[in-house]
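Order-wise, the sequence lines are chains C and Y.
Just so you know, we're using this note's numbering here: the first sequence kicks off at 1 and counts up by one.
Just so you know, we're using this note's numbering here: the second sequence kicks off at 1 and counts up by one.
No lab work stands behind these hints: they were computed from the structure.
In this text, a Cβ means the ideal position worked out from N, Cα and C, and glycines have one as well.
One should not assume that every hint holds.
[As the list claims (entries may be wrong)] So these bits of chain C aren't anywhere near chain Y, every CB distance computed over 12 Å:
hint, residue
1, W60
2, L63
3, Q129
4, R135
5, P138
6, V165
7, H244
8, P254
9, A267
10, G272
11, P282
12, P291
13, A294
14, W334
15, G374
16, R391
[What the hints assert, rightly or not] On the chain Y side, residues computed to face chain C include the following (Cβ under 7 Å):
hint, residue
17, Y8
18, W60
19, R175
20, I181
21, E367
22, G370
23, A378
24, L386
25, G389
26, A404
Read off the chains here:
There are 2 protein chains.
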Amino acid sequence: MPTRLLSYILKWLLLSSLVAVGAGSASALFLVSLDWVTDYREAHGWLIALLPVGGFVVEWLYLRVGQSVVGGTNLVIDTIHGSDAQHPARIPFRMFPLVLIGTLVTHLLGGSAGREGTALQLGGSLADQLTRPFRLSPTNRRLILMAGISAGFGSVFGTPLAGAVFGLEVLVVGRLTYQAIFPVFIAALGADYVTRWWGVGHTHYAITTVPPITPLLAGCALLAGAIFGGCALLFTRTTHAIAHLASRYIAYPPLRPVVGGVVVAGAVWALGTTRYIGLGIPVIVESFGQPLPAYDFIIKLLLTTVTLGMGFKGGEVTPLFFIGATLGNALAYWLALPTGLLAGMGFVAVFAGAANTPLACMVLALELFGTPCGPYAALACVTAYLCSGHRGIYGSQLVDKHKA
Amino acid sequence: MPTRLLSYILKWLLLSSLVAVGAGSASALFLVSLDWVTDYREAHGWLIALLPVGGFVVEWLYLRVGQSVVGGTNLVIDTIHGSDAQHPARIPFRMFPLVLIGTLVTHLLGGSAGREGTALQLGGSLADQLTRPFRLSPTNRRLILMAGISAGFGSVFGTPLAGAVFGLEVLVVGRLTYQAIFPVFIAALGADYVTRWWGVGHTHYAITTVPPITPLLAGCALLAGAIFGGCALLFTRTTHAIAHLASRYIAYPPLRPVVGGVVVAGAVWALGTTRYIGLGIPVIVESFGQPLPAYDFIIKLLLTTVTLGMGFKGGEVTPLFFIGATLGNALAYWLALPTGLLAGMGFVAVFAGAANTPLACMVLALELFGTPCGPYAALACVTAYLCSGHRGIYGSQLVDKHKA
Numbered sequence: 001m002p003t004r005l006l007s008y009i010l011k012w013l014l015l016s017s018l019v020a021v022g023a024g025s026a027s028a029l030f031l032v033s034l035d036w037v038t039d040y041r042e043a044h045g046w047l048i049a050l051l052p053v054g055g056f057v058v059e060w061l062y063l064r065v066g067q068s069v070v071g072g073t074n075l076v077i078d079t080i081h082g083s084d085a086q087h088p089a090r091i092p093f094r095m096f097p098l099v100l101i102g103t104l105v106t107h108l109l110g111g112s113a114g115r116e117g118t119a120l121q122l123g124g125s126l127a128d129q130l131t132r133p134f135r136l137s138p139t140n141r142r143l144i145l146m147a148g149i150s151a152g153f154g155s156v157f158g159t160p161l162a163g164a165v166f167g168l169e170v171l172v173v174g175r176l177t178y179q180a181i182f183p184v185f186i187a188a189l190g191a192d193y194v195t196r197w198w199g200v201g202h203t204h205y206a207i208t209t210v211p212p213i214t215p216l217l218a219g220c221a222l223l224a225g226a227i228f229g230g231c232a233l234l235f236t237r238t239t240h241a242i243a244h245l246a247s248r249y250i251a252y253p254p255l256r257p258v259v260g261g262v263v264v265a266g267a268v269w270a271l272g273t274t275r276y277i278g279l280g281i282p283v284i285v286e287s288f289g290q291p292l293p294a295y296d297f298i299i300k301l302l303l304t305t306v307t308l309g310m311g312f313k314g315g316e317v318t319p320l321f322f323i324g325a326t327l328g329n330a331l332a333y334w335l336a337l338p339t340g341l342l343a344g345m346g347f348v349a350v351f352a353g354a355a356n357t358p359l360a361c362m363v364l365a366l367e368l369f370g371t372p373c374g375p376y377a378a379l380a381c382v383t384a385y386l387c388s389g390h391r392g393i394y395g396s397q398l399v400d401k402h403k404a
Numbered sequence: 001m002p003t004r005l006l007s008y009i010l011k012w013l014l015l016s017s018l019v020a021v022g023a024g025s026a027s028a029l030f031l032v033s034l035d036w037v038t039d040y041r042e043a044h045g046w047l048i049a050l051l052p053v054g055g056f057v058v059e060w061l062y063l064r065v066g067q068s069v070v071g072g073t074n075l076v077i078d079t080i081h082g083s084d085a086q087h088p089a090r091i092p093f094r095m096f097p098l099v100l101i102g103t104l105v106t107h108l109l110g111g112s113a114g115r116e117g118t119a120l121q122l123g124g125s126l127a128d129q130l131t132r133p134f135r136l137s138p139t140n141r142r143l144i145l146m147a148g149i150s151a152g153f154g155s156v157f158g159t160p161l162a163g164a165v166f167g168l169e170v171l172v173v174g175r176l177t178y179q180a181i182f183p184v185f186i187a188a189l190g191a192d193y194v195t196r197w198w199g200v201g202h203t204h205y206a207i208t209t210v211p212p213i214t215p216l217l218a219g220c221a222l223l224a225g226a227i228f229g230g231c232a233l234l235f236t237r238t239t240h241a242i243a244h245l246a247s248r249y250i251a252y253p254p255l256r257p258v259v260g261g262v263v264v265a266g267a268v269w270a271l272g273t274t275r276y277i278g279l280g281i282p283v284i285v286e287s288f289g290q291p292l293p294a295y296d297f298i299i300k301l302l303l304t305t306v307t308l309g310m311g312f313k314g315g316e317v318t319p320l321f322f323i324g325a326t327l328g329n330a331l332a333y334w335l336a337l338p339t340g341l342l343a344g345m346g347f348v349a350v351f352a353g354a355a356n357t358p359l360a361c362m363v364l365a366l367e368l369f370g371t372p373c374g375p376y377a378a379l380a381c382v383t384a385y386l387c388s389g390h391r392g393i394y395g396s397q398l399v400d401k402h403k404a
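Based on the provided sequences and hints, a complete structural model is requested.
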C-alpha cells in the first residue's frame with residue numbers, strides 16, 4: 001500500500017473518530033434531554049402557554065449573541081460549498097449551545113419540530129473546531145464538515161449507513177461525489193456507536209406485512225410516491241412562505257416566534273390534544289399498526305411549518321417522518337398496500353422529497369424496517385424525489401441538473 | 001403536477017418497462033442455460049479438454065462477424081459516455097447472441113468466468129434497440145442504456161436495488177449523478193420481477209452470526225477491507241497484464257483463447273477438481289459455513305484472469321464473489337470476526353474494489369444478507385474501494401477525482 005494512501009487512512013481514522021466521539025456524545029446528550037423535556041411537558045400542559053415567551057427569549061438570544069450562527073444548517077452546508085473562499089472563518093462554537101438550548105425550549109414548550117437540523121449543527125460545529133488545531137486545508141475542512149453532518153444524522157436516528165449516504169448526498173441536488181466517502185462512513189458508524197455506548201437507544205418501527213411485489217402494487221407505490229413528493233413540496237413551500245411573510249410583516253425577529261407561538265399554542269388549546277406537537281413519535285409508532293384520522297398529516301404539517309417558519313429552533317425531519325407516516329396510513333384506504341408498509345414508505349419518502357436525498361432515504365428504510373420493504377421504499381423515495389421540486393428544506397443545497 | 005413531469009414519468013415507465021421485459025427475460029434464459037451447461041459439464045468432464053477449441057471458435061466468430069461488438073461491456077459504457085458525439089450508431093443487436101453463446105461456451109467447456117458482463121451486454125444491447133423506434137435524443141439514449149445495465153445486473157443477481165445503484169455508479173469513479181435515477185430503478189425492479197416471473201430463482205446466502213460492532217471489530221473490518229481492495233487490485237492488474245501479453249505475443253486473436261484454454265484445462269487436470277471453474281457457486285455457498293483451504297481464492301483468481309485475459313467471454317463478478325468470499329473465509333483464521341460474516345464482506349468488497357462501486361455493493365450486501373451485516377459490509381466496501389487503485393475491471397470508466 002503506498003504511503004500516501006496509508007497516511008490518508010490513518011489521518012481520517014483519527015479525525016473521523018474525534019468527530020464521532022464529539023457528535024455521538026452530543027447526540028446522546030441531546031436525545032436524553034429531548035426525552036426529558038418531552039416527558040416534562042406532557043406532565044405539565046400549562047407550559048405550552050409559555051411557547052410565545054420561550055420563542056421570544058431564544059430569538060432575542062440569537063439576535064444578541066447568535067447572529068454569526070443564525071444560518072443554522074444552511075450555514076454548515078454553505079461553509080462546505082464555499083469553504084475555500086467566502087467562508088474562511090471557523091463555524092463559531094456558540095452554534096452548539098445555542099441550537100441545543102433553542103431546540104430544547106421549542107420542545108419543552110410545545111412547538112412542533114424535529115431534531116436532525118440540530119444534530120447536523122451540533123456535529124458540524126464540533127467538527128469545524130478541529131479545522132484550526134489540525135491546520136486542515138480547505139478540501140480537508142470540507143471533508144470534516146461532511147463527516148460532522150453524517151455523524152450527527154447517523155447518531156441521532158441510529159442509522160449510520162443512511163447518515164453516511166446523507167452526508168454525501170445532501171450538498172447538491174442530483175449529484176453525489178465520493179471524496180468524503182471514507183470520512184463520512186467512519187464518522188457516522190463511530191458516532192452511532194458512541195451514542196449507543198452512552199446507553200441511549202432509538203425507537204423501533206416494525207412493518208409486519210410486505211406482499212411480494214407485482215406490477216399493480218408497484219403502480220400503487222409509484223402513485224404513493226408521487227403523493228409523498230407533492231406533500232414534501234407543500235411542506236417546503238409553506239415553510240418558505242411563512243418565513244417570507246414573517247420577515248416581511250414582522251420587522252423585529254424576536255416577535256416572529258411570539259406570533260408563531262400564539263398560533264401553535266392556540267391550536268393545541270383548540271384541538272385539545274398534544275398529539276401534533278413535539279417530535280410526535282407515539283403517533284409515528286401508531287401509524288404503523290392501526291388506521292389513523294386522515295387529517296393527521298395536514299395538522300402536523302401546518303403546526304410544523306408555523307413553528308419552523310416563525311423562527312423556532314429544531315429540525316424538520318422527525319415531523320416529516322410523522323407527516324409521511326400518517327399520510328401513508330391515510331392512503332391505505334385507497335391503495336392496495338398494507339397500512340404499515342405505506343406508513344413506512346411515507347416515513348422515508350416525504351423526507352426524501354423534502355431533502356432531495358432519495359438514496360439516503362432508501363438506505364434509511366432498509367436500516368429501520370429491514371430489507372423486505374426495500375423495493376417499495378425505493379419506488380416511493382425515487383418518485384417523491386422526482387415530484388418534490390428543486391428547492392428543498394435546505395436552501396443552501398445546490399442544484400446539479402433538472403430532475404426530469 | 002406539471003405536464004412535463006407527468007409525461008417524463010409516463011415515458012420512462014413505458015421505456016423502462018420495455019427494457020425490463022427484455023432484460024429480465026434475457027437474464028432468465030441466460031440463467032437457465034447457464035445451469036444447464038454447468039450441470040452438463042459436471043456430468044461430462046471430458047468436455048473440458050475442448051476448452052481451447054471452443055475458445056478458438058468463439059473468438060473466430062467475433063473476428064468474422066463480431067468486430068463491432070468486441071468491446072463488450074466497455075462498448076456499452078463508452079456509448080453512454082459519448083452517445084452524443086462519437087458513438088451515434090446503435091449498439092448492434094448481434095452483441096446479444098454473440099455474448100450469450102460465447103459465455104455459454106466458456107461455461108460448458110470449463111472456463112472460469114462470471115455472468116454480469118454478459119447480463120450488462122444483454123441488457124444494454126436490448127435497450128439500445130429502442131433508440132431508433134422511439135427516436136430517443138442523445139440524453140435519453142444515455143438514460144435507456146443505463147437502465148439496460150441496471151436491468152441486467154438487477155435481474156441476473158436478483159438484487160434490483162443494487163442493480164439500480166450500480167447503473168448510476170459504474171460510469172464514473174467517484175461521482176454518481178441522478179439524471180437516470182427513475183429509469184434505472186424502474187428497469188432494475190421490473191427486470192428482477194420478470195426474471196422471477198419466468199420461475200427463475202437465485203442462490204440464497206446466509207450470514208448466521210453478526211456480533212454487535214465494537215472499535216476492535218471495526219478495526220478488523222477495515223483491515224479486511226484493505227486486503228479485499230488489494231485483492232481487487234491484484235485481480236484487475238493481472239487481467240490487464242495477461243490481456244496485454246496475449247495481444248503482444250499472439251497476433252491472431254482466435255489463438256489467444258486456445259493458449260488460455262490449454263492453461264485452464266491443464267490446471268483442472270493437474271488439480272484434479274472442477275472446484276475452481278465455471279461460476280463456482282457451490283464453493284461460495286460453502287465459504288459462508290465452514291473453513292476452506294486458504295489458497296482457494298488465489299487459484300480462482302489465476303484461472304479467472306487467464307480465462308478472461310485470454311479472451312473468453314463472460315463476466316468478472318461471480319468469480320470476484322468467489323475470490324472475495326474464500327479470501328474472507330481464509331481471513332477468519334487471523335481476524336476476530338465470524339467466518340460467514342467475513343465471507344459475506346469479501347463477497348461484496350472485492351467486487352466493490354474491482355468495479356469501483358462501493359455504494360452498490362453495500363446495498364448488495366443488505367439485499368443478499370440482510371441488514372445486520374450492514375456496518376461491516378460498508379466498512380469493507382469503502383476501504384476496498386479506497387485501496388483498489390483507479391483502474392478497475394471496466395476500462396471505460398472515467399475517473400472524477402483521486403480517491404484519497
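Verification of the hints:
Once the 12 Å rule is applied to beta carbons, W60(C) is consistent with being away from chain Y; the minimum gap is 42 Å. Every CB of chain Y lies more than 12 Å from the CB of L63(C), the least distance being 39 Å, so the non-interface label holds. Distance check on Q129(C): its Cβ is at least 22 Å (rounded) from any Cβ of chain Y, clearing the 12 Å threshold; non-interface status holds. The Cβ of R135(C) lies farther than 12 Å from every Cβ of chain Y, with a closest approach of about 19 Å, so its non-interface assignment holds.
In this structure P138(C) is separated from chain Y by more than 12 Å, as the shortest Cβ-Cβ distance comes to about 15 Å. Non-interface call for V165(C) relative to chain Y: violated, since the shortest CB-CB distance, roughly 7 Å, does not exceed 12 Å. No beta-carbon of chain Y is positioned within 12 Å of the beta-carbon of H244(C); the least distance is around 22 Å. Distance to chain Y confirms P254(C) as a non-interface residue, since its nearest Cβ pair spans about 39 Å, more than 12 Å.
A cut-off of 12 Å between C-beta atoms confirms that A267(C) is not in contact with chain Y; the least separation is 30 Å. No beta-carbon of chain Y is positioned within 12 Å of the beta-carbon of G272(C); the least distance is around 36 Å. With a least beta-carbon separation of about 25 Å from chain Y, P282(C) lies farther than 12 Å from that chain, consistent with its non-interface assignment. Annotated as non-interface, P291(C) keeps its C-beta farther than 12 Å from every C-beta of chain Y; the closest such distance is 27 Å.
Against the 12 Å criterion, A294(C) stays outside the reach of chain Y, whose nearest CB is about 21 Å from its own CB. Listed as outside the interface, W334(C) is consistent with that label: its C-beta sits roughly 17 Å from the nearest C-beta of chain Y, beyond the 12 Å cut-off. At roughly 5 Å, the least C-beta separation between G374(C) and chain Y is not larger than 12 Å, which violates its mark as non-interface. The Cβ of R391(C) lies farther than 12 Å from every Cβ of chain Y, with a closest approach of about 15 Å, so its non-interface assignment holds.
Because the smallest distance between the Cβ of Y8(Y) and any Cβ of chain C comes to about 4 Å, under 7 Å, the interface hint for this residue holds. With a cut of 7 Å, the hint placing W60(Y) at the interface with chain C is violated, because the nearest CB-to-CB distance is about 42 Å. Taking 7 Å as the C-beta cut-off, the interface hint given for R175(Y) holds, the closest approach to chain C being about 5 Å. Hint status for I181(Y): holds, given a least beta-carbon distance of 6 Å to chain C, under 7 Å.
Contact between E367(Y) and chain C, as hinted, is supported at the beta carbon level, the nearest pair being about 6 Å apart and thus within 7 Å. Of the supplied interface hints, the one on G370(Y) holds, with its beta-carbon coming within about 6 Å of a beta-carbon of chain C, less than 7 Å. For A378(Y), the suggested interface contact is upheld, since its CB lies about 6 Å from the closest CB of chain C, less than 7 Å. With its C-beta approaching chain C no nearer than about 6 Å, L386(Y) sits inside the 7 Å limit, and its interface hint holds.
Taking 7 Å as the C-beta contact cut-off toward chain C, the hint placing G389(Y) at the interface is violated, the least distance being around 10 Å. Annotation: A404(Y) was flagged as interfacial toward chain C, and the flag holds, the nearest CB pair being 4 Å apart, inside 7 Å.
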